[in-house]
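Chain by chain, the residues run as shown.
2 protein chains.
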Amino acid sequence: MDKRIFVVGIGPGDKGMLTPDAYKALHASDVLVGYPLYLDLLGEEFAEKEQLSTPMRKERERCVLCLQEADKGKTVSLVSSGDPGVYGLASLMLEVGRDRPDIPITVIPGITAALSGAAVLGAPVNHDFCLISLSDLLTPWEVIEKRLCAAAAGDFVIVIYNPASRKRPEHLKKAVEILLRSLPGERPCGLVENIGRDGMKSEICTLAELGRKEANMFTTVFIGSSATEVIGGRLVTKRGYSR
Amino acid sequence: MDKRIFVVGIGPGDKGMLTPDAYKALHASDVLVGYPLYLDLLGEEFAEKEQLSTPMRKERERCVLCLQEADKGKTVSLVSSGDPGVYGLASLMLEVGRDRPDIPITVIPGITAALSGAAVLGAPVNHDFCLISLSDLLTPWEVIEKRLCAAAAGDFVIVIYNPASRKRPEHLKKAVEILLRSLPGERPCGLVENIGRDGMKSEICTLAELGRKEANMFTTVFIGSSATEVIGGRLVTKRGYSR
Chain L
3 MDKRIFVVGI
13 GPGDKGMLTP
23 DAYKALHASD
33 VLVGYPLYLD
43 LLGEEFAEKE
53 QLSTPMRKER
63 ERCVLCLQEA
73 DKGKTVSLVS
83 SGDPGVYGLA
93 SLMLEVGRDR
103 PDIPITVIPG
113 ITAALSGAAV
123 LGAPVNHDFC
133 LISLSDLLTP
143 WEVIEKRLCA
153 AAAGDFVIVI
163 YNPASRKRPE
173 HLKKAVEILL
183 RSLPGERPCG
193 LVENIGRDGM
203 KSEICTLAEL
213 GRKEANMFTT
223 VFIGSSATEV
233 IGGRLVTKRG
243 YSR
Chain G
3 MDKRIFVVGI
13 GPGDKGMLTP
23 DAYKALHASD
33 VLVGYPLYLD
43 LLGEEFAEKE
53 QLSTPMRKER
63 ERCVLCLQEA
73 DKGKTVSLVS
83 SGDPGVYGLA
93 SLMLEVGRDR
103 PDIPITVIPG
113 ITAALSGAAV
123 LGAPVNHDFC
133 LISLSDLLTP
143 WEVIEKRLCA
153 AAAGDFVIVI
163 YNPASRKRPE
173 HLKKAVEILL
183 RSLPGERPCG
193 LVENIGRDGM
203 KSEICTLAEL
213 GRKEANMFTT
223 VFIGSSATEV
233 IGGRLVTKRG
243 YSR
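These protein sequence lines are chains L and G, in that order.
With the numbering used here, the residue at position 189 of the first sequence is 191, and numbering never jumps.
With the numbering used here, the residue at position 171 of the second sequence is 173, and numbering never jumps.
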């Protein structure tokens with residue numbers, strides 16, 4: 003036992019993408035804290051560890067819980083799927099722990115969906131790209147819309163996280179409508195669902211078609227730049243080597 | 003031996019960030035192809051493997067070499083530091099191999115510098131962000147400038163790859179001057195050099211100071227959004243939980 007907090011990214015779920023650093027931190031921990039779905043992804047191997055959680059949208063309480071457990075002298079892992087520093091709890095944990103320099107907080111990065119999903123589709127993020135979350139729980143929709151417009155104006159590849167959920171089934175469609183104001187309908191796009199998990203599926207389509215696709219909170223969406231092509235059935239953004 | 007190509011991301015260099023999938027692919031390979039620096043990062047463990055390379059800027063030839071080796075019935079790993087799908091050779095390999103469906107090409111993602119560097123600094127990419135390379139070897143500077151302006155207009159966190167090299171020592175300074183047209187000089191920024199390697203160093207500064215910093219091809223630069231703060235000595239982009 004050693005009073006400290008690891009903020010651990012476990013990647014998409016498949017153990018083949020869990021880094022040795024993350025594995026080591028989980029094993030060194032006395033208690034694992036996380037949304038139950040993420041803890042379940044760790045499987046049998048860690049089922050014996052003490053596991054704690056707080057409900058969805060109680061993220062601040064979850065970080066406070068980590069501090070409380072560390073205060074008992076424990077080593078704590080706050081577990082995120084993907085990378086905790088990409089739409090995860092790393093920033094909130096650092097904020098909540100700001101006045102506790104006696105409790106070291108270490109962020110351990112993981113393979114985020116922009117990388118794992120890209121590898122499934124081919125190489126869509128092989129040149130300048132951006133990540134935009136369509137969740138308006140914590141970000142006003144006007145900000146999301148402004149970023150979509152800026153990303154299109156900059157000819158970035160766009161990776162969309164949280165494209166839809168039960169409460170916001172229309173967000174992806176709304177985003178596509180915004181992008182179609184300036185991008186061509188034939189622009190190549192891709193979707194990957196349940197990356198590295200049971201039931202993984204992926205699909206390549208055009209931007210015009212994308213607005214009619216089903217998406218959920220386990221879907222990651224890729225929208226090509228002007229350098230993106232479908233090559234041999236893969237979604238590929240060229241770096242310019244062939245010019 | 004099995005005729006196939008893995009395009010493998012080994013992360014920043016530290017074995018703690020090499021995924022099990024990458025490790026397995028390297029071990030299953032008869033030959034490792036890559037820029038010598040990346041192959042050296044793999045260390046003793048893979049020194050016995052046949053290793054091949056082509057000079058810098060001979061990337062197309064390197065991909066053709068992979069096809070030629072696979073054609074001999076070999077399993078080939080084309081090795082990149084970080085993620086091969088992020089400014090690496092994944093897209094070029096898929097392009098070069100497009101007419102060879104008999105040779106399966108699998109992309110294995112890795113921890114790219116935007117993620118590993120972010121974890122060193124704190125949590126700077128914890129909300130919408132974009133990656134921009136300042137290398138104008140394959141991209142006209144006008145495109146790079148357009149993307150910097152769009153990223154600033156969209157209030158994205160910006161991660162800069164290839165901020166400078168011996169032949170382009172002024173690129174970071176030029177980029178900062180462009181960003182200062184619309185962003186405040188006190189905007190928090192960070193630099194990380196040699197992530198996960200000997201001689202790693204990191205620093206937090208303001209955007210105004212960033213233009214005077216030394217950078218090289220092993221430096222990754224982070225420029226905050228309006229939601230980025232320095233909290234307890236870490237660079238943190240808030241997701242909005244505290245509002």
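No lab work stands behind these hints, which were simulated from the structure alone.
All C-beta atoms, glycine included, are put in the ideal place defined by N, C-alpha and C.
Treat the hints with care, since some could be wrong.
[As the list claims (entries may be wrong)] Facing chain L, a subset of chain G residues (Cβ under 8 angstroms, in silico):
hint, residue
1, Thr21
2, Asp23
3, Val127
4, Arg149
5, Ile180
6, Leu209
7, Gly213
8, Asn218
[Unchecked claim] As a list, the in silico EDC-like pairs of lysine to aspartate or glutamate whose alpha-carbon atoms are at most 16 angstroms apart:
hint, chain 1, residue 1, chain 2, residue 2
9, G, Lys215, G, Asp157
10, G, Lys74, G, Asp138
11, L, Lys26, G, Asp16
12, G, Lys26, L, Asp16
13, L, Lys148, G, Asp157
14, G, Lys148, L, Asp16
[Unchecked claim] Simulated restraints on C-beta separations:
hint, chain 1, residue 1, chain 2, residue 2, range
15, G, Lys26, L, Gly235, 46 to 54 angstroms
16, G, Gly234, L, Gly75, 31 to 39 angstroms
17, G, Ile105, L, Arg100, 49 to 57 angstroms
18, G, Lys60, L, Arg59, 47 to 55 angstroms
19, G, Pro186, L, Thr108, 28 to 36 angstroms
So, going through the hints one by one against the coordinates:
At a threshold of 8 angstroms, the smallest CB-CB gap from threonine 21 of chain G to chain L is about 5 angstroms, leaving the interface hint in force. For aspartate 23 of chain G, the interface hint holds, the least distance from its beta-carbon to any beta-carbon of chain L being 4 angstroms, beneath 8 angstroms. Because the beta carbon of valine 127 of chain G sits about 6 angstroms from the nearest beta carbon in chain L, less than 8 angstroms, this interface hint is met. This hint holds: arginine 149 of chain G has a C-beta 4 angstroms from the nearest C-beta of chain L, less than the 8 angstroms allowed.
Restraint check, isoleucine 180 of chain G versus chain L: the minimum CB separation of about 13 angstroms is more than 8 angstroms; hint violated. The closest approach between the C-beta of leucine 209 of chain G and any C-beta of chain L is roughly 18 angstroms, which is over the 8 angstroms cut-off, so the hint fails. Checking glycine 213 of chain G against chain L by beta carbon gives a least distance of about 21 angstroms; that is not within 8 angstroms, so the hint is violated. Interface hint status for asparagine 218 of chain G: violated, as the beta-carbon distance to the closest one in chain L is roughly 20 angstroms, over 8 angstroms.
A hinted pair counts as satisfied when its Cα atoms are at most 16 angstroms apart, and lysine 215 of chain G with aspartate 157 of chain G does not qualify at roughly 23 angstroms. This hinted pair does not check out: lysine 74 of chain G and aspartate 138 of chain G have alpha carbons roughly 36 angstroms apart, beyond 16 angstroms. For the hint pairing lysine 26 of chain L with aspartate 16 of chain G, the CA-to-CA distance comes to about 14 angstroms; that is within 16 angstroms, so the pair holds. A threshold of 16 angstroms between alpha carbons decides the hint, and for lysine 26 of chain G with aspartate 16 of chain L the separation of about 14 angstroms falls inside it, so the pair holds.
Straight-line distance between C-alpha atoms of lysine 148 of chain L and aspartate 157 of chain G comes to about 9 angstroms, which keeps the hinted pair within the 16 angstroms bound. Using a Cα cut-off of 16 angstroms, the hinted pair lysine 148 of chain G and aspartate 16 of chain L is violated, with the two alpha carbons roughly 38 angstroms apart. In this structure, lysine 26 of chain G and glycine 235 of chain L break the distance hint of 46 to 54 angstroms, their C-beta atoms being roughly 25 angstroms apart. Roughly 21 angstroms separates the CB atoms of glycine 234 of chain G and glycine 75 of chain L, a value that falls outside the hinted 31 to 39 angstroms.
For the pair isoleucine 105 of chain G and arginine 100 of chain L, the beta carbons lie near 52 angstroms from each other, so the given range of 49 to 57 angstroms is met. Checked against the given bound of 47 to 55 angstroms, the beta carbons of lysine 60 of chain G and arginine 59 of chain L, roughly 52 angstroms apart, stay inside it. Taking 28 to 36 angstroms as the suggested C-beta distance range, the pair proline 186 of chain G and threonine 108 of chain L conforms, at roughly 31 angstroms.
Comparing the model with each earlier hint shows violations of hints 5, 6, 7, 8, 9, 10, 14, 15 and 16; every other hint is respected.
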